[in-house]
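For this one, chain X is given, so just place chains S, R, E and U on it according to the hints.
Listed in order, the protein sequences are those of chains X, S, R, E and U.
This note's numbering puts the first residue of the first sequence at 1, with every later residue one more than the last.
This note's numbering puts the first residue of the second sequence at 113, with every later residue one more than the last.
This note's numbering puts the first residue of the third sequence at 262, with every later residue one more than the last.
This note's numbering puts the first residue of the fourth sequence at 436, with every later residue one more than the last.
This note's numbering puts the first residue of the fifth sequence at 817, with every later residue one more than the last.
These are computed hints drawn from the structure, not numbers from a lab.
Just so it is clear, CB atoms sit at the ideal spot from N, CA and C, and this is done for glycine as well.
As a list, the in silico DSS-like pairs of lysine-lysine whose alpha-carbon atoms are at most 25 angstroms apart:
#1 X:Lys58 x R:Lys369
#2 S:Lys229 x U:Lys846
#3 S:Lys139 x E:Lys516
#4 U:Lys846 x S:Lys228
#5 S:Lys139 x E:Lys512
#6 S:Lys150 x E:Lys522
#7 U:Lys1384 x U:Lys1207
#8 E:Lys522 x S:Lys139
#9 U:Lys1403 x U:Lys1392
#10 S:Lys150 x E:Lys512
Ranges of calculated distance between the beta carbons of each label pair, as one might list FRET restraints:
#11 S:Phe217 x E:Lys801: 22 to 28 angstroms
#12 U:Val836 x S:Phe217: 17 to 23 angstroms
#13 U:Asp1033 x X:Leu80: 31 to 37 angstroms
#14 U:Arg1009 x X:Thr10: 43 to 49 angstroms
#15 E:Ile511 x S:Tyr145: 18 to 24 angstroms
Residues of chain S placed beyond 10 angstroms of chain X at every Cβ, according to the derived structure:
#16 Ala128
#17 Lys139
#18 Lys150
#19 Leu151
#20 Gly214
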Amino acid sequence: MFAGIAHNLTIYLAMSTVFFVFGLFTILTRRNAVGVFMGVELVLNAAAINFVAFYALKADSAQSSPWLDGQIFSLFIIVLAAIEAAVALAIVLRVFGAKKNIDPDQVMELRG
Amino acid sequence: MLQEFANALSFIVLAAVLPVGILFVSKFLRPSYPYSGKLATYECGEDPVGSAFVMFNNRFYLVAIVFLVFDVEVALLFPIMRLFREAAINGGALPIFLLAFGFLFVLLVGLIYEWKKGDIDWVRDAIERKQALREDAAFKHRFENVKDS
Amino acid sequence: MSFLDFFVVFCFLGGVVCSAVVALHPNILYAAVALIGSLLAVAGVYASLGADFLAAAQLIIYVGGVIVVILFAVMMSESIYKRRFLDGVKKMFLPTILSIALMLGMFKLLVSTNWGELRIPNYENTTIRIGQALTGPYALIFEYVAIVLLFGLIGAIVVARPNILKKDQDGGNS
Amino acid sequence: MSLAEFLSGLNDFIPPNVPFFVFSIAAAVIVILGFAMPIGGICTYIERKVAADFQERIGPNRVGPFGILQFFADGIKMFLKEDTATKNADMFIYNLAPGLVTAGALGAFAAIPFSKYVIGADLDIGIFYVMALASLVSLGILLGAWSSENKWSLLGGMRGAAQIVSYEIPLGIALLSVVVVSGQMSMIKIVDGQAWLGSGSFWYIFHNPFLFLNFFVYFVAALAECNRTPFDLPEAESELVSGFNTEFSGMRFGLYALAEFADVIMFACVAAAIFLGGWHLPFVNIENIHLGWSLAGKSLDPLIQTLFMILIFLGKASVIVFVVMWLRWTLPRLRVDQLMDLCWKYLIPIAFFNLVGASLWVWIFKGQSMIELISGMMGAG
Amino acid sequence: MMANDSLITLALLIPAFPLVAYLIQAFVGKRLPRMGDWVSVSAIFVSFICASIIFANMWSNFDPNWVVTAHWTWLDSGTAAHPFKLELGVRLDNLAAVMLFMVTLCATLIHLFSTGYMRDYDGKESDGYRYASFFAFLSLFTSAMLALVISDNLFTLFMFWEVMGLCSYLLIGFYRHKPSAANASIKAFMTTRIGDTLLFIGMLALFTQIGSFRFDDIYAAIEQGAFGGETLGFATATFIGFLIFCGTVGKSAQFPLQVWLPDAMEGPTPVSALIHAATMVAAGVYLIIRTFPLLELGGVLPLIAYVGAFTSLFAAILAIKQFDIKKVLAYSTLSQLGYMVLAVGVGAYTASFMHLITHAIFKACLFMASGAVIYAMHHEQDMRKMGDLRKRLPITYKAMLVATLAISGVPLFSGFVSKDAILVSALAYGGFEHPEHMFLPIAGFLTAGLTAFYMFRLMFMTFFGEAGDKKHVEHAHEVPWNMWLPLVVLAGLSLSVLFSGSVTGGLLGHGDFVLGGGNEWFVKLIKAPVVKVDEHFEHLLHQAHLPGMIASVVLATLGIVFSWLVYKSKTIPAEKLAKLWPNFVHKAIDNLYYFDWLYKDVFIKRVFLPFSRLMARFDDLIIDRILVDGWKDVNAVVKTFIGKFDDTVIDEVLVDGVGGSVPQYLGASLRTLQNGKIQRYLMVAAVALLTIYLLIGVL
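If we strip away everything but chain X, and leave its shape as in the complex, we get (with noise of 0.2 angstroms):
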């Protein structure tokens, strides 16, 4: 059974599913806004190994484009989420500068 568990594409799967909920459940239960964005990272993994993975699942075959596509993809969440945490984080601060509180649904001042 567990033979060859690392050439299955499931338990990558199962890694990104579990990070996806934990990420959602994080978001959802946080009451502090540096927490909901640790949250965050940890749904933009679970996406970032599902384009591996799947990538993997096709690669080098005659279906698979030969630009490294799923890896590319993942860069690119990466540096999205730096850019993200920069910006995201650097609002927080801001805000809690402002607030003393980083409660995001206490900070609701800001809608238009």
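For chains S, R, E and U alone, coordinates are given in the frame of chain X:
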């Protein structure tokens, strides 16, 4: 290549296990006679005052943000720059050059912006005050205009 | 069970445990530390799928960059750390049910599908191929990323910049 | 070829059918336990000796001849010393942090090419791997500082993290310029490219003026990465008691100290490998030395070559380590604002400029080095 | 004649130039000499040249069915069975070519005008960059408008439609230090949003029916009998047509969403000229002209006609009592837009488009002339303070006079031609064919008279009589060349010869050289696609032609004469005229028929907010307390039954329930519905995901 990954992994695992192991082993060898003076937070001999978590200068944070962006940039440039030598020798270096340095240039614009705005200066007070005065003057100026019209 | 299988299972378990800690630990700093673990597990999965460059990039950008920024954000103020970090038990009710249902549903989907054999390629030159992709079909996106980075940088700085002006005006008015 | 493969190739001396991961673990044990940690320890002794020489003192001279066993005594002392933690300390992270620093510093040794055959892991992304592992250090420092709940620690940790992450940028760009010139990211291949007029050129530091400058950028950035003087702000003892490791004692402090030296050695080795030609010497190629000795029917040449290579490589690295120690007693510490200015306003623009320059050089001269160009001109003349 | 490919390239270049100018202006504008206004002006001028080339091509073809299209796949997803394809495309036909020419012409002249008008805004250091950003916004707007005109599908049209909405918002609020301007910009944005949302729904509904956003596909589908036959199909077409028309109602400020346009006059005058008179508001009309076959099929045309007729009459009445020179023009714009919509409604496709073009030209002229007056009067907009400016601003006066004659529908001016066509069609439709729709021609003719009246009122109050504010009037002098030149050009274009085509057509070799119309190049070139010619209606048109023309001329003359009597010779004092009407009429007009009050105080305060409060309470009480907290509260409820019932209800539900006092509770509960709790949003999304999964799993 996976074999090499395994080699690297064994290094990482060993490097991670080693400190744990050392601490674990030394735990049995070292003496432990704690008392409250020993366990107090060191504050130059005085009794510790307040919490250690005072509000920090968020310039640290600004530096971290700028770092993050440039870190991404460096990481993304590696695979592209790796192609450069071969392309330079065999031809076709121009697109790579333009791509990579277009990328670089765009981020340098960001760096220059930070530089001009004084965000990478550790001591910002002087700059900020000057800026504040200028903006204040502009604000007043505009305000007076409104009154006129 | 080959060495690779063992490693992947190890990463899986590590990732699950760490992400659970991220989701459930009431102390935000522990959650951040657990997030390091999760990200390392993901990097391990990348490596075992033959994506060495990606694994290293995950380490450099995520662990070396994002986590540092998160830690700074956490430590920047004691109140973030001391504040109650999780919702009360009451409010966790629905998300818990939801998450469990979602997870069960996805697992069912996962198990009931035949995914086929995975080919883990013995990539000799992932970096070169990523470089070719970035200079080839993804060139435009690559440049676009530069623009996004620039705007993210400027936006973040403008937002996070300490504002002395405001203090001065407040002081002057009061 | 990695060390593990090298070991598994010696199957005359070992029983067959040993799984491969045994060799790779053996390689790790050899490099880390057999090299990095002892050298890290010895470095403490050497540093004290060097300091004493600079200050016209004698330095440690009691334990063993010339006090050479001092590091051993120090190690035992640390190992056996009581290890207190403040009562507010967050014990889990408090224990984790030194481990993280050590893991980052020691794990990076996997990609150090001691010789053509002795390298932990001949990764395709060698340089990148080193950068990745080195970036763990800042985390360790930050977490360690936070967990000890001490104002000085936290201040030092913040400074340390900000400093380390900042200087990662010039460091990365300097490495990037080497990648541009060599067209490789594997450490072995980079070193191979520096053979004396062999497959390419000479040491990359002399490849072109831009790389020459970037070597110094790299050196300064690496100093800051290791928190060495003049960049030892995180532990500035005159300002912050002892900085991020104020509350650490016993073996936990020992791990920090070990990691610092391991970091210094690691960066010195990387510098030796990618800028100073690794095991290559001018005018000779070690790989062409054949003494013809053999043992049990097998030629000993590879072994001898390897020994030579390791010696040369370590010689170069130790010169750099010596310079690092020398600087400690020469330069005063920087202020925080000077530190940041140096990074963002000088090193990064300079490194970028050099990167562009190196690219243009490679493009215009088709990857030839200065020495090749000169010799080519002389040949043509 | 150019190859189709090069025409397409040219068409793509037209919006590209202003876009580049926008980028330059936005990023480096303030560092350029003269704040970079020349960048925008020259970019739009180049676009104008390109548009002229396309126009010349159209002219040389002179074929009503001339169409050049090109399209590229943008997004291709979905399966073979359920294709989903978004396409980008360019469609050049006579409509687009004329429209491009008009937009680029107006935009060029208005850009030029702005270099003078906005001049005093660049003097100060702090405001300097606003001058650059003004031109940046203008360029962005022009780019979006041009892209809208050339787009061959509803989707891109909608995209640029929204960009224009954004630009409108930015430019109305350009004097952002004035609260009124800021409010007006928000009002304009939010009001048009209602229409835009409905339009988007309509577009999507259309997409579900036809599977494409492209006009070609829509026309083809209609030709092949989509929506045909069954009642359901007809109802769908009606529904879609109605929703698409809602977009026009928002953008072209038709009743009942007209409230934003008068307020939009808070923007700088060139903006009013370009956006709120000449082009953007015309885009709404352009949309219904483009989708005319669909509207006809759905049978929404009568509704459109009534909305248009009502708006035109209603706005014309409002315009009479205005004293702000720009407000008068704003209401006249509303009124004229109503005309265009009326024309579409009665099926006069060509007349509507023709009025769109002529109106754009003379209204731009009028607005810029009023801008010149305002500029000369040092930003005084009240007509009562003006007067006797004829001698001081001779060129402006003459240009404005020409444009006023044009808008009043005096023969020999462009307005006459187009308005006449509309009125004749309305008469043929409402008077002859369907006598039950008699309101349409009556409203049209009444508006024609009123238009002449209030426009000449404006002229007389501004340029004749005695100066209201002597100090300002005496200092007024003619505006610089870059401001009067556009006026002169546009006034020249307001002459009827260019549109009736009897002259131009003859000169350029198309049609016969006969005075009296009938050979207008417009009529020949602009033909509704798909729709078949109705012989009977054509006949009625001929019948209506003479009476309609005479009636409109007579009414216009009456209006002018009456205006002369009241405001020039003052034979009839204005006060006496005003007293003729009962008080409530004045009150209604002064309060703009209570529309603002209705929207703000009734809809929002009395209906929407209580509703949202109710929903919030529902949310908090039912969903939060029962579903979420319910399992815990069961215990509490059991206890409370034993204890004091009242206390616990108030305590638990109202006070403790949200952890605050009642006002806080209300405030907090209001938020939950409106905005804010992102985590709840995500929760809803996750529940939806789960539901979808379960549905798929079960089904």
